[in-house]
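Please build the complete structure, drawing on both the sequences and the hints.
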Amino acid sequence: QKEVEQDPGPLSVPEGAIVSLNCTYSNSAFQYFMWYRQYSRKGPELLMYTYSSGNKEDGRFTAQVDKSSKYISLFIRDSQPSDSATYLCAMSPLSSNYKLTFGKGTLLTVNP
Amino acid sequence: GAVVSQHPSWVICKSGTSVKIECRSLDFQATTMFWYRQFPKQSLMLMATSNEGSKATYEQGVEKDKFLINHASLTLSTLTVTSAHPEDSSFYICSARVGASSTYEQYFGPGTRLTVT
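Listed in order, the protein sequences are those of chains A and B. Quick note on my numbering: the first sequence kicks off at 1 and runs consecutively. Quick note on my numbering: the second sequence kicks off at 1001 and runs consecutively.
Keep in mind that the hints are not guaranteed to be accurate.
Using 30 Å as the maximum straight-line C-alpha spacing, the simulated BS3-like pairs for lysine-lysine come out as follows [stated by the list, open to error]:
no.	chain 1	residue 1	chain 2	residue 2
1	B	K1020	A	K42
2	B	K1066	A	K42
3	A	K99	A	K67
4	A	K2	A	K42
5	A	K99	B	K1041
6	B	K1066	A	K99
7	B	K1020	A	K104
8	A	K56	A	K70
9	A	K2	A	K70
10	B	K1064	A	K104
11	A	K67	B	K1055
12	B	K1064	A	K99
13	B	K1014	B	K1055
14	A	K67	B	K1014
15	A	K99	A	K56
16	A	K42	B	K1041
17	A	K99	B	K1055
18	B	K1041	A	K104
19	A	K42	B	K1064
20	A	K104	B	K1055
21	A	K70	B	K1066
22	B	K1020	A	K99
23	A	K2	B	K1064
24	B	K1020	B	K1066
25	B	K1066	A	K2
26	A	K56	A	K2
27	B	K1020	B	K1041
28	A	K104	A	K70
These are calculated hints, taken from the structure and not from any lab test.
The following block contains the structure:
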């Protein structure tokens, strides 16, 4: 079993839809969770950063962490065509090397 | 804030030559930088962790003599692909952590696409 599992999609939704992206993980030591957005042929862009369990909201984006289920989610409200990209989850335990473990990424297309 | 640049954005080189890629943190000091490679439709694969003023730490399976990393200052790290071969063709991306912070988020550069002919 891989440490981080993420459905690669592709996921296609109409403009204005609510999008739900998810990752599961096996390492109970993970405490820091991030979501990145990567456009084609570009570097990843940090969207959300959360610590431990709970919710965090930033504009149209909401990140949820459920450590008891080892499950994290990213919700996008009122999705726009400009949201079309690959979304990567990343996580880390409390560690002095600060390395991140990434999911494979989910390719999202928002159709106008 | 937290902007990371890479240069060049793309490079084509002949087999057997060496290529240097620069990664700069533009508006912050980066004690730690990371180098990744990414194949099409694949996730990021960490190659090495670079700490300013010390030797890089390479991930298992990454040849340190082939992928030379130098982190000479708090804003600059370089990756040199030596004696490049077509199988080294890939998308190379660097990231950086902010200074001496205890946070875990990494800020990524735009990536460098290397094609070895």
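Now for the hints, and whether the structure bears them out:
1. B:K1020 with A:K42: Distance of about 19 Å is within 30 Å: holds.
2. B:K1066 with A:K42: holds, 25 Å
3. A:K99 with A:K67: holds, 19 Å
4. A:K2 with A:K42: Status holds; Cα separation ~25 Å.
5. A:K99 with B:K1041: It holds: about 22 Å lies between the C-alpha atoms, which stays within 30 Å.
6. B:K1066 with A:K99: Answer holds: B:K1066 to A:K99 is near 22 Å, not above 30 Å.
7. B:K1020 with A:K104: Holds, at about 27 Å.
8. A:K56 with A:K70: holds, 17 Å
9. A:K2 with A:K70: Since the Cα atoms of A:K2 and A:K70 sit roughly 13 Å apart, the hinted pair holds (cutoff 30 Å).
10. B:K1064 with A:K104: holds, 25 Å
11. A:K67 with B:K1055: violated, 35 Å
12. B:K1064 with A:K99: holds, 18 Å
13. B:K1014 with B:K1055: holds, 28 Å
14. A:K67 with B:K1014: Violated, at roughly 49 Å.
15. A:K99 with A:K56: At roughly 22 Å apart (the allowed maximum being 30 Å), A:K56 and A:K99 satisfy the hint.
16. A:K42 with B:K1041: holds, 13 Å
17. A:K99 with B:K1055: Answer holds: A:K99 to B:K1055 is near 16 Å, not above 30 Å.
18. B:K1041 with A:K104: Holds: B:K1041 and A:K104 sit about 8 Å apart, inside 30 Å.
19. A:K42 with B:K1064: Within the cut-off at roughly 25 Å; holds.
20. A:K104 with B:K1055: holds, 29 Å
21. A:K70 with B:K1066: violated, 38 Å
22. B:K1020 with A:K99: Distance of about 24 Å is within 30 Å: holds.
23. A:K2 with B:K1064: With Cα atoms ~26 Å apart, A:K2 and B:K1064 stay inside 30 Å; holds.
24. B:K1020 with B:K1066: holds, 12 Å
25. B:K1066 with A:K2: It holds: about 28 Å lies between the C-alpha atoms, which stays within 30 Å.
26. A:K56 with A:K2: holds, 26 Å
27. B:K1020 with B:K1041: With Cα atoms ~24 Å apart, B:K1020 and B:K1041 stay inside 30 Å; holds.
28. A:K104 with A:K70: At roughly 17 Å apart (the allowed maximum being 30 Å), A:K70 and A:K104 satisfy the hint.
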